[in-house]
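S.K.: Protein chains in written order, with UniProt numbering: chain D, 1 to 190; chain B, 1 to 190.
Accuracy of the hints is not assured; some may be wrong.
What the simulated footprint calls covered on chain B by chain D, stretch by stretch (three residues with Cβ under 8 Å from a Cβ of chain D suffice, anywhere in the stretch; the number is not a length) [claimed, not checked]: (1) 22 to 30; (2) 102 to 111; (3) 138 to 152; (4) 160 to 169.
Label-pair restraints from in silico Cβ distances [claimed, not checked]: (5) B:Ala128 x D:Ala184: 17 to 25 Å; (6) D:Arg64 x B:Lys136: 53 to 61 Å; (7) B:Glu75 x D:Glu32: 20 to 28 Å; (8) D:Val30 x B:Ser76: 34 to 42 Å; (9) B:Glu114 x D:Thr42: 35 to 43 Å; (10) D:Glu166 x B:Asp141: 36 to 44 Å; (11) B:Ala74 x D:Glu32: 54 to 62 Å; (12) B:Ala128 x D:Asp26: 17 to 25 Å; (13) D:Arg64 x B:Thr110: 41 to 49 Å; (14) D:Arg99 x B:Thr110: 50 to 58 Å; (15) B:Asp141 x D:Asn167: 37 to 45 Å; (16) B:Ala111 x D:Arg99: 36 to 44 Å; (17) B:Arg161 x D:Gln23: 31 to 39 Å; (18) D:Asp50 x B:Arg46: 27 to 35 Å.
When the alpha-carbon atoms are kept at most 20 Å apart in a straight line, the in silico EDC-like pairs for lysine to aspartate or glutamate are as follows [unchecked claim]: (19) B:Lys136 x B:Glu114; (20) D:Lys51 x D:Asp68; (21) D:Lys51 x D:Asp88; (22) D:Lys51 x B:Glu114; (23) D:Lys51 x D:Glu5; (24) B:Lys51 x D:Glu5.
These are calculated hints, taken from the structure and not from any lab test.
We treat Cβ as the ideally placed atom computed from N, Cα and C, and that holds for glycine.
2 protein chains.
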Amino acid sequence: MGRWEPNARERLVHAAVDLFAEQGYDNTTVSEIAQRAGLTKTTFFRHFPDKREVLFAGQEMHSRLLADGIAECAESATPLEAVAAGLDAVAASFTPVQREFGPRLIAVVTAHSELRERSAFKHAGLAAAMTEALEKRGVPDPAASLAAELGAHAFSRAFARWIEPENEESFPALARQALEELRAAVELLG
Amino acid sequence: MGRWEPNARERLVHAAVDLFAEQGYDNTTVSEIAQRAGLTKTTFFRHFPDKREVLFAGQEMHSRLLADGIAECAESATPLEAVAAGLDAVAASFTPVQREFGPRLIAVVTAHSELRERSAFKHAGLAAAMTEALEKRGVPDPAASLAAELGAHAFSRAFARWIEPENEESFPALARQALEELRAAVELLG
């Protein structure tokens, strides 16, 4: 078997989410994931350090896209407009497969405390990436971390809505809606 | 050795933070922690499931105190006033020992990705406890989770300031200050 496998990464994510949903996260081994994907364990470890990271494979890319979107935004944009641009940029990376997989992925993560922990860390990582990008634009602390936190919340809320079977809206539209709801909720805080 | 040991929990936390700071988190075993504390491994496991949880021992109590503080607040209080009351309640549990330990604790957690992950989970847990308590007061979503998120941020920011050697302010005063800064930062978001 050669080193290069077409769509190996995507096939591994597919196989892992299927197996986790079928037989549980704890009961699934890396060997089984590789086998289900028609690949070797070696190929698995070329793509992921362990089975947990298969579920959080997008984090680095999401962080980078959010930061790039914020950086490339017009200088005149407000912090929340920049965050919205970041969310647009990350949305461009989403595929129909991710949408189809979303509900199973969320179910697997929710069912397992180690994965919920990892998920909280992803949330914090996305917020940190946005905070840094906003600070580079000259947004002062704590406005930068607050805008980033709203962005990370909007990301989660929009993702949860986007994967609903009956949803027909685009991720960017849902993300802007979520950001707007959060922004409006500020008025209720007192 | 009897089942009851005076201040066993506190002695174990002391010993663990000292050892983690001295020789690293990965290089420290539960046996060493117990030995340094003058206790047995069995006593350790009566208090903590593993060495990591020694560092997050306060999470359940903090969540409960935050929720209680929010629940017991006057009906007329705004969501942020309720959050401030929750932070007051949790501050009442802080001891001079925690303040003394704070810088070492933060250094250990910051140096280790597994601990940063666990710390993000604690942050999310505190926010979830506050969100639930606010929703019970009738605060609608997403205002409840937003107020809770500001509360969790204020908690971290105030704690970081409280443990600074030159600090002379109380935790509740610092927490209110942090909340007010976050509230004011909202005006900059656009």
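S.K.: Each hint: holds or not?
M.R.: Results of checking the hints against the structure:
{"no.": "1", "hint": "22 to 30", "result": "violated (count 0)"}
{"no.": "2", "hint": "102 to 111", "result": "violated (count 0)"}
{"no.": "3", "hint": "138 to 152", "result": "holds (count 9)"}
{"no.": "4", "hint": "160 to 169", "result": "violated (count 0)"}
{"no.": "5", "hint": "B:Ala128 x D:Ala184: 17 to 25 Å", "result": "holds (22 Å)"}
{"no.": "6", "hint": "D:Arg64 x B:Lys136: 53 to 61 Å", "result": "violated (39 Å)"}
{"no.": "7", "hint": "B:Glu75 x D:Glu32: 20 to 28 Å", "result": "violated (55 Å)"}
{"no.": "8", "hint": "D:Val30 x B:Ser76: 34 to 42 Å", "result": "violated (56 Å)"}
{"no.": "9", "hint": "B:Glu114 x D:Thr42: 35 to 43 Å", "result": "violated (26 Å)"}
{"no.": "10", "hint": "D:Glu166 x B:Asp141: 36 to 44 Å", "result": "violated (20 Å)"}
{"no.": "11", "hint": "B:Ala74 x D:Glu32: 54 to 62 Å", "result": "holds (56 Å)"}
{"no.": "12", "hint": "B:Ala128 x D:Asp26: 17 to 25 Å", "result": "holds (24 Å)"}
{"no.": "13", "hint": "D:Arg64 x B:Thr110: 41 to 49 Å", "result": "violated (23 Å)"}
{"no.": "14", "hint": "D:Arg99 x B:Thr110: 50 to 58 Å", "result": "violated (36 Å)"}
{"no.": "15", "hint": "B:Asp141 x D:Asn167: 37 to 45 Å", "result": "violated (18 Å)"}
{"no.": "16", "hint": "B:Ala111 x D:Arg99: 36 to 44 Å", "result": "holds (38 Å)"}
{"no.": "17", "hint": "B:Arg161 x D:Gln23: 31 to 39 Å", "result": "violated (48 Å)"}
{"no.": "18", "hint": "D:Asp50 x B:Arg46: 27 to 35 Å", "result": "holds (31 Å)"}
{"no.": "19", "hint": "B:Lys136 x B:Glu114", "result": "violated (33 Å)"}
{"no.": "20", "hint": "D:Lys51 x D:Asp68", "result": "violated (28 Å)"}
{"no.": "21", "hint": "D:Lys51 x D:Asp88", "result": "violated (29 Å)"}
{"no.": "22", "hint": "D:Lys51 x B:Glu114", "result": "holds (16 Å)"}
{"no.": "23", "hint": "D:Lys51 x D:Glu5", "result": "holds (19 Å)"}
{"no.": "24", "hint": "B:Lys51 x D:Glu5", "result": "violated (41 Å)"}
Comparing the model with each earlier hint shows violations of hints 1, 2, 4, 6, 7, 8, 9, 10, 13, 14, 15, 17, 19, 20, 21, 24; every other hint is respected.
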